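Chemist: Sequence:
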Amino acid sequence: MVSDINIIYLPTSPWSVKVLWAFDLLGVEINKYDVYTPVRDEYWLRWKTGKYTGTITAPVLLYKDDQQNSSIIFESAEMVEFADKIRAADKPSLLPEQFKNDIIEWNNMIDSMQNSQRALTFQKIISSDEEALLSKLPSFFKSSYTLWLGKRLATNTFKGLASKYPAGTPEQCQQDTHDALQKIRTRLQENKSGYLFGDSITYADLNTVIAFQGIKPVDEHILPMDPYLRRNMTYLEIADQYKDLIEWRDTIIQNHFKVNIERLVQH
1 MVSDINIIYL PTSPWSVKVL WAFDLLGVEI NKYDVYTPVR DEYWLRWKTG KYTGTITAPV
61 LLYKDDQQNS SIIFESAEMV EFADKIRAAD KPSLLPEQFK NDIIEWNNMI DSMQNSQRAL
121 TFQKIISSDE EALLSKLPSF FKSSYTLWLG KRLATNTFKG LASKYPAGTP EQCQQDTHDA
181 LQKIRTRLQE NKSGYLFGDS ITYADLNTVI AFQGIKPVDE HILPMDPYLR RNMTYLEIAD
241 QYKDLIEWRD TIIQNHFKVN IERLVQH
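Per full-length UniProt numbering, the sequence shown starts with residue 1, numbered consecutively.
These aren't lab readings, by the way, just hints derived from the structure by calculation. Values in this document were obtained by computation on a predicted structure and should not be read as measured data. Cβ coordinates follow ideal geometry from the N, Cα and C atoms, glycine included. Treat the hints with care, as some may be off.
[What the hints assert, rightly or not] Each computed DMTMM-like pair below joins lysine to aspartate or glutamate, with the alpha-carbon atoms no more than 20 Å apart:
{"id": "1", "residue 1": "Lys85", "residue 2": "Glu29"}
{"id": "2", "residue 1": "Lys48", "residue 2": "Glu75"}
{"id": "3", "residue 1": "Lys159", "residue 2": "Glu130"}
{"id": "4", "residue 1": "Lys216", "residue 2": "Asp179"}
{"id": "5", "residue 1": "Lys85", "residue 2": "Asp179"}
{"id": "6", "residue 1": "Lys100", "residue 2": "Asp66"}
{"id": "7", "residue 1": "Lys159", "residue 2": "Asp226"}
{"id": "8", "residue 1": "Lys124", "residue 2": "Asp226"}
{"id": "9", "residue 1": "Lys100", "residue 2": "Glu81"}
{"id": "10", "residue 1": "Lys32", "residue 2": "Asp65"}
{"id": "11", "residue 1": "Lys159", "residue 2": "Glu171"}
{"id": "12", "residue 1": "Lys64", "residue 2": "Glu75"}
{"id": "13", "residue 1": "Lys183", "residue 2": "Glu247"}
{"id": "14", "residue 1": "Lys64", "residue 2": "Glu81"}
{"id": "15", "residue 1": "Lys183", "residue 2": "Glu237"}
{"id": "16", "residue 1": "Lys159", "residue 2": "Asp41"}
{"id": "17", "residue 1": "Lys192", "residue 2": "Glu237"}
{"id": "18", "residue 1": "Lys159", "residue 2": "Asp179"}
{"id": "19", "residue 1": "Lys32", "residue 2": "Asp66"}
[To be verified] With beta-carbon atoms standing in for the labels, derived distance ranges:
{"id": "20", "residue 1": "Arg40", "residue 2": "Gln241", "range": "36 to 46 Å"}
{"id": "21", "residue 1": "Lys183", "residue 2": "Asn69", "range": "34 to 44 Å"}
{"id": "22", "residue 1": "Ser70", "residue 2": "Lys243", "range": "39 to 49 Å"}
Construct all of the structure, not just a fragment, from the sequences and the given hints.
Modeler: Right under this line is the structure:
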């Protein structure tokens, strides 16, 4: 029996939120939560997981298997698949067998869109939003004597974050988003159930709904977001072109999402 489930997550990160959401829908209890702060906690996370090289970020899932051997999962999709296998008996699968391959292929497309959105956000902050760029710096780096160093540190930090989400030019990122949104619209028109696959919510719906945080974030009382990120992840022109999809997103949130899911976890 699986035990000691520990999730290390980044608050308001789309990948972290959808994992928390999936575990909630599947009735899988998480025993321990650790909040991860980028840059500051990277060495701790590498020590915690034993991953000393390569890219690392949250969420990360640690647990003990039937033989009490420690295991680690680094990919959010694998975390959801893990939870789906040990879900509560009365909870439906988020990865139903008849749609599993379709959902995996779909989520690859959505992940690519999210990478473009994330890269575009960081590019915007670096190039045109100094207030956001400096918002997380300690006060020491904001004085007239040290601001130059603070700007350099902040810029390098955001460039490092952007490098984790490979994407093209801002124009290409925008086009990738439009292409994905057209596919979402077409899929919903074809399925006609209000869900992307089948007649009930699946991981494809979760992943797609959370991706809209990079276009028009939901209200703060539903899912908190750093105000600087919120303004740099809001594209009202795109949202206006896809009002039907925003309405679909809001319906899924209303029917299936536990408001302030991150604030309900017990630390």
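Chemist: Is the Cα-Cα distance between Lys124 and Asp226 20 Å or less?
Modeler: Answer holds: Lys124 to Asp226 is near 15 Å, not above 20 Å.
Chemist: Is the Cα-Cα distance between Lys159 and Glu130 20 Å or less?
Modeler: Since the Cα atoms of Lys159 and Glu130 sit roughly 14 Å apart, the hinted pair holds (cutoff 20 Å).
Chemist: Does the alpha-carbon distance linking Lys64 and Glu81 stay inside the 20 Å limit?
Modeler: Between Lys64 and Glu81 the Cα gap is close to 16 Å, so the pair holds against 20 Å.
Chemist: For Lys216 and Asp179, compute the direct alpha-carbon distance and say whether it is at most 20 Å.
Modeler: Status holds; Cα separation ~17 Å.
Chemist: Hinted pair, alpha-carbon criterion (20 Å max): Lys192, Glu237. Please report holds or violated.
Modeler: Given pair Lys192, Glu237 is violated - Cα atoms ~26 Å apart, limit 20 Å.
Chemist: For the pair supplied as a hint, Lys32 and Asp66, confirm whether the alpha-carbon distance does not exceed 20 Å.
Modeler: holds, 18 Å
Chemist: Can you confirm whether the C-alpha distance between Lys85 and Glu29 stays at or below 20 Å?
Modeler: The given pair, whose Cα atoms are some 13 Å apart, holds under the 20 Å limit.
Chemist: Holds or violated: are the alpha carbons of Lys48 and Glu75 at most 20 Å from each other?
Modeler: Roughly 16 Å between the alpha carbons, so the hint for Lys48 and Glu75 holds.
Chemist: Holds or violated: Lys183 and Glu247, Cα atoms, limit 20 Å.
Modeler: holds, 16 Å
Chemist: For Lys100 and Glu81, compute the direct alpha-carbon distance and say whether it is at most 20 Å.
Modeler: holds, 10 Å
Chemist: Given the proposed pairing of Lys32 with Asp65, does the C-alpha separation stay at or below 20 Å?
Modeler: Given that 20 Å is the threshold and the Cα spacing comes to 16 Å, the pair holds.
Chemist: For a C-alpha distance cap of 20 Å, please report whether Lys183 and Glu237 respect it.
Modeler: holds, 18 Å
When the structure is compared with the earlier hints, violations turn up for hints 5, 6, 17, 18 and for no others.
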